[in-house]
Amino acid sequence: MKIVEVRIEESVLPKKDKDWKFALAANPATEGWIVNIRTDDGTTGYGYASTMNHYGAPHEAVKGALDRLTKRLIGRDSREIASILDDLDKAMMGNNQAKSGIDCALHDLRARQLGIPVCDLFGGPAVRKFPSLRILPIKSPLDMAKNARALADKGVKHFKIKVHGEVEEDVERVKAIRAELGPSANLTIDANQSYSPKDAIRALTQMAPYRIDLAEQPVQVSDLAGLKMVTQAVPITIEADEAAYSLDQVMILVRERIVDAISLKITKLGGLRKTYAAAQICQAGGVKYRMGAHVGPMLLAAHAMQLAAALPGIWYASELSEFDGLAEDPWEGLTLTDGVLHLSDAIGCGVTPKAVADSRRKSA
Numbered sequence: 001m002k003i004v005e006v007r008i009e010e011s012v013l014p015k016k017d018k019d020w021k022f023a024l025a026a027n028p029a030t031e032g033w034i035v036n037i038r039t040d041d042g043t044t045g046y047g048y049a050s051t052m053n054h055y056g057a058p059h060e061a062v063k064g065a066l067d068r069l070t071k072r073l074i075g076r077d078s079r080e081i082a083s084i085l086d087d088l089d090k091a092m093m094g095n096n097q098a099k100s101g102i103d104c105a106l107h108d109l110r111a112r113q114l115g116i117p118v119c120d121l122f123g124g125p126a127v128r129k130f131p132s133l134r135i136l137p138i139k140s141p142l143d144m145a146k147n148a149r150a151l152a153d154k155g156v157k158h159f160k161i162k163v164h165g166e167v168e169e170d171v172e173r174v175k176a177i178r179a180e181l182g183p184s185a186n187l188t189i190d191a192n193q194s195y196s197p198k199d200a201i202r203a204l205t206q207m208a209p210y211r212i213d214l215a216e217q218p219v220q221v222s223d224l225a226g227l228k229m230v231t232q233a234v235p236i237t238i239e240a241d242e243a244a245y246s247l248d249q250v251m252i253l254v255r256e257r258i259v260d261a262i263s264l265k266i267t268k269l270g271g272l273r274k275t276y277a278a279a280q281i282c283q284a285g286g287v288k289y290r291m292g293a294h295v296g297p298m299l300l301a302a303h304a305m306q307l308a309a310a311l312p313g314i315w316y317a318s319e320l321s322e323f324d325g326l327a328e329d330p331w332e333g334l335t336l337t338d339g340v341l342h343l344s345d346a347i348g349c350g351v352t353p354k355a356v357a358d359s360r361r362k363s364a
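With this note's numbering as the guide, the letters of the sequence shown map in order to residues 1 to 364.
Check each hint, because a few of them may be wrong.
Straight-line Cα separation of at most 16 Å, EDC-like style, residue types lysine to aspartate or glutamate; simulated pairs [said to hold, decoys possible]:
id: 1; residue 1: Lys157; residue 2: Asp338
id: 2; residue 1: Lys139; residue 2: Glu166
id: 3; residue 1: Lys198; residue 2: Asp153
Simulated DEER-style distance windows between Cβ atoms [stated by the list, open to error]:
id: 4; residue 1: Ala233; residue 2: Ile347; range: 45 to 55 Å
id: 5; residue 1: Pro28; residue 2: Ala61; range: 14 to 24 Å
id: 6; residue 1: Lys21; residue 2: Lys129; range: 27 to 37 Å
id: 7; residue 1: Ala82; residue 2: Thr205; range: 24 to 34 Å
What the hints contain is simulated information worked out from the structure, not anything from laboratory work. C-beta: ideal position from N, C-alpha, C; glycine also.
Input sequences plus hints: build the corresponding full structure.
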């Protein structure tokens, strides 16, 4: 089962909402790279390497890292995933987004060879249904409330309100969305580092009466003292996202009790293996965790859901359905019904390129 070929394909997928933005940037399209790893038995595994500028991983840099790293895969035994990933870490520091694409492709490849779902490689499914936490990109309070209503009409019950650091306007966003959705909706906010610690405390104190379940990354990633100050000052669960960019950083956040919760992403942590390890660190340290925003095609969501299925400790709705916001997705296989993503028993990560699926259907 030697690796004989690795192909890197660009993936640029426009979103339905051309004005999609958050505090750090505007994103009318989702960009990344598809990693295809093929072995001498004819099996191919697929992974997605995400372009994430706010994590220091621009599009061209991710491709450059992939080109260098994947050269080291040719001729390797595809079953030796741990050894291969360890070698890649020794060969190149960081570049977790590129490594995540390789990690996922290797796990997908191995699961397809064995005829099992990826989650079976991590102990099998403990969870099979995943309520969606859907993102509301920054717009006027009225427009965000309208977007929330459209998602609610599709069955979504958990909403992440993007805010950008202007306290009064951000509070109005939360107020408008709560008024539109009523008391049963579950609301969270994500500031993407846009507040100072004192402004974060002021904003969250004013938002608290509207029942906010959690607040994600309110202050700058480097301000761990400020992050801890916010955590201790407000009654809302404070979650680290950008600040939890590596296993080492997750360990610090947990050990120092800097936050109440951590948003886990396979893209920022370097793949499935390291994200699984991060979950165990959180579990051991008594810090909540869930799967954060996996913004990309269905392929990325499929891998994240396979890992989430093997993590019974996830405390809150995860963000695994953002592919639903794409104008078109070249992958198929996941089922999203009434705002809930369902795990299947399909082999590998559970999705297939539409072109491959179409050719199989024609030949059947």
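**Message:** Flag every earlier hint the structure violates by its number, smallest first.
**Reply:** Numbers 3, 7 - these are the hints that the structure violates, sorted from lowest upward.
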